[in-house]
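Protein sequences appear in the order of chains A and B.
Residue 90 in my numbering sits at position 90 of the first sequence, with consecutive numbering throughout.
Residue 143 in my numbering sits at position 143 of the second sequence, with consecutive numbering throughout.
What the hints contain is simulated information worked out from the structure, not anything from laboratory work.
For each residue, glycine too, the CB sits at the ideal point set by N, CA and C.
Some hints here could point you the wrong way.
Computed beta-carbon distance windows for the label pairs [said to hold, decoys possible]:
1) A:4 with B:60: 36 to 42 Å
2) A:181 with B:61: 22 to 28 Å
3) B:144 with A:94: 44 to 50 Å
4) A:191 with B:61: 49 to 55 Å
5) A:127 with B:144: 27 to 33 Å
6) A:94 with B:157: 18 to 24 Å
7) B:3 with A:185: 22 to 28 Å
8) A:188 with B:140: 42 to 48 Å
9) A:127 with B:160: 34 to 40 Å
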Amino acid sequence: MMRDLIIIIFTAMLVNNYVLVRFLGICPFLGVSKKLHSAVGMGLAVTFVMLLATAATWPIQTYLLTAFRLEYLQTIVFILIIAALVQLVEIILKRHIPALHRSLGIYLPLITTNCAVLGVAKNNISEGYATFIEAMANALGCGLGFLLAMVLFAGVRMRIETAKPPKCFEGMPITLISASIVALAFYGFAGVIDNMFL
Amino acid sequence: MWKNFLKGIIRENPVLVLLLGTCPTLAVTTSVSSAFGMGAAFTAVLLGSNIVIAALRKMIPGQVRIPCYIVIIAGFVTAVEMIMHAFAPDLYEALGVFLSLIVVNCIILGRAEVYASKNRILDSAVDALGMGVGFTLALLAMASIREVFGAGSFLGWEIPFLSKFAVPILVNSPGGFFVFGILIAIVNSITKRKTGRDFGCTGCPSAAVCGANDGSLQKAAQKDQAAGAGKDCDDTAQEGGK
Chain A
1 MMRDLIIIIF TAMLVNNYVL VRFLGICPFL GVSKKLHSAV GMGLAVTFVM LLATAATWPI
61 QTYLLTAFRL EYLQTIVFIL IIAALVQLVE IILKRHIPAL HRSLGIYLPL ITTNCAVLGV
121 AKNNISEGYA TFIEAMANAL GCGLGFLLAM VLFAGVRMRI ETAKPPKCFE GMPITLISAS
181 IVALAFYGFA GVIDNMFL
Chain B
1 MWKNFLKGII RENPVLVLLL GTCPTLAVTT SVSSAFGMGA AFTAVLLGSN IVIAALRKMI
61 PGQVRIPCYI VIIAGFVTAV EMIMHAFAPD LYEALGVFLS LIVVNCIILG RAEVYASKNR
121 ILDSAVDALG MGVGFTLALL AMASIREVFG AGSFLGWEIP FLSKFAVPIL VNSPGGFFVF
181 GILIAIVNSI TKRKTGRDFG CTGCPSAAVC GANDGSLQKA AQKDQAAGAG KDCDDTAQEG
241 GK
């Protein structure tokens with residue numbers, strides 16, 4: 001059981017990294033990774049919302065949508081639940097835990113309509129995790145993978161700031177090309193997990 | 001009207017100039033056929049949602065407009081999903097989760113917020129068609145490069161010489177970032193756009209959705225700065241606030 005969970009977490013984090021392998025959540029990855037501090041904040045907020053979204057959407061899909069054969073409503077229901085949930089959590093944090101709100105709260109509204117969060121909710125269903133715990137483990141792995149990619153890339157971008165690329169490569173193109181090199185590193189993880197836990 | 005149509009294809013191309021909707025651009029361009037499928041689905045959703053939102057623009061109350069837009073868009077996405085599942089199951093499998101993720105595509109929400117909520121139905125439809133065609137063309141350009149050089153084929157047909165010397169990494173994830181970076185650099189050098197334009201909340205029309213525009217974000221950032229903790233996040237917030 002424990003071994004299965006660890007495999008799920010590491011697979012989601014390294015082999016199927018949401019940003020660098022599956023291309024989900026590219027906007028925050030490129031937009032907020034300029035400074036290490038904001039990259040960590042964004043990564044933690046995304047992990048938090050992914051766990052929250054899974055905790056809400058998995059039971060709803062299993063006990064409501066599938067049970068009453070309403071699967072076709074999945075997209076509409078999930079996006080509304082996630083949007084409402086994030087707003088609610090933001091209000092609660094602001095009111096009751098201001099310290100946490102200061103460090104994570106700024107990023108919470110930004111990820112309401114993030115494709116990585118909706119992607120996790122939908123992939124949990126389509127990849128067929130049998131239990132709630134497994135789905136939560138997958139969400140945790142995806143969130144940690146996002147955080148890892150953000151932190152690594154923030155480090156890379158600090159170097160780019162001082163570099164001097166050709167004129168037409170300045171800004172976005174050189175950022176994308178360095179993202180490609182970081183993705184190449186993650187590409188090497190494919191196959192690692194299977195051998196690690198044999 | 002013709003100008004309105006063309007602006008989405010060239011001057012305001014959503015992918016290559018406005019740098020929006022990067023996730024599907026990188027993910028589905030591994031083959032030309034899936035890029036075309038994505039472009040068609042995207043155009044259908046954008047056309048439908050733009051027409052409906054323009055028709056209802058006087059009825060939707062300003063304060064809850066974003067949830068209304070999201071529900072309308074999600075409805076069209078679900079319809080397109082079901083049609084594709086029924087008539088093009090292979091394409092449906094190939095696009096996977098990205099078909100339903102059209103819901104959170106910032107181009108669609110952006111057009112609803114920036115254009116359809118302020119203009120007549122016909123203008124909004126033309127705008128949607130222009131943007132949709134621009135998105136599809138950008139996807140096709142990128143998919144052609146990746147499929148021809150990465151897999152040595154075009155639309156599944158093998159190209160005699162190239163298939164022997166294909167570079168498989170181009171159809172994998174690192175190649176996606178690489179080809180997209182090169183394409184933007186080419187567009188930059190052709191249009192001689194002022195460089196230094198960066199990726200951030202400024203260009204993202206969802207800034208209105210995510211609350212970056214209502215001032216709360218700005219206030220939070222200022223408070224944060226006063227606390228001396230988050231000096232770095234305020235530039236994002238202020239950009240969004242504009």
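Quick rundown of the hints versus the structure:
A hinted range of 36 to 42 Å for the beta carbons of residue 4 of chain A and residue 60 of chain B is inconsistent with their spacing of about 47 Å. With their beta carbons about 48 Å apart, residue 181 of chain A and residue 61 of chain B fall outside the hinted range of 22 to 28 Å. Distance hint check for residue 144 of chain B and residue 94 of chain A: the Cβ-Cβ separation is about 49 Å, which falls inside the suggested range of 44 to 50 Å. The hinted range of 49 to 55 Å is satisfied by residue 191 of chain A and residue 61 of chain B, whose Cβ atoms lie roughly 54 Å apart.
Against the hinted window of 27 to 33 Å, the Cβ-Cβ separation of residue 127 of chain A and residue 144 of chain B comes to about 31 Å, which satisfies the hint. Distance hint for residue 94 of chain A and residue 157 of chain B: a CB-CB separation of about 57 Å, inconsistent with the stated range 18 to 24 Å. A C-beta distance of roughly 46 Å is found between residue 3 of chain B and residue 185 of chain A, which places it outside the suggested range of 22 to 28 Å. Under the hint 42 to 48 Å, the C-beta atoms of residue 188 of chain A and residue 140 of chain B, about 31 Å apart, miss the expected range.
In this structure, residue 127 of chain A and residue 160 of chain B meet the distance hint of 34 to 40 Å, their C-beta atoms being roughly 39 Å apart.
The structure fails hints 1, 2, 6, 7, 8 (numbered hints given earlier, in ascending order).
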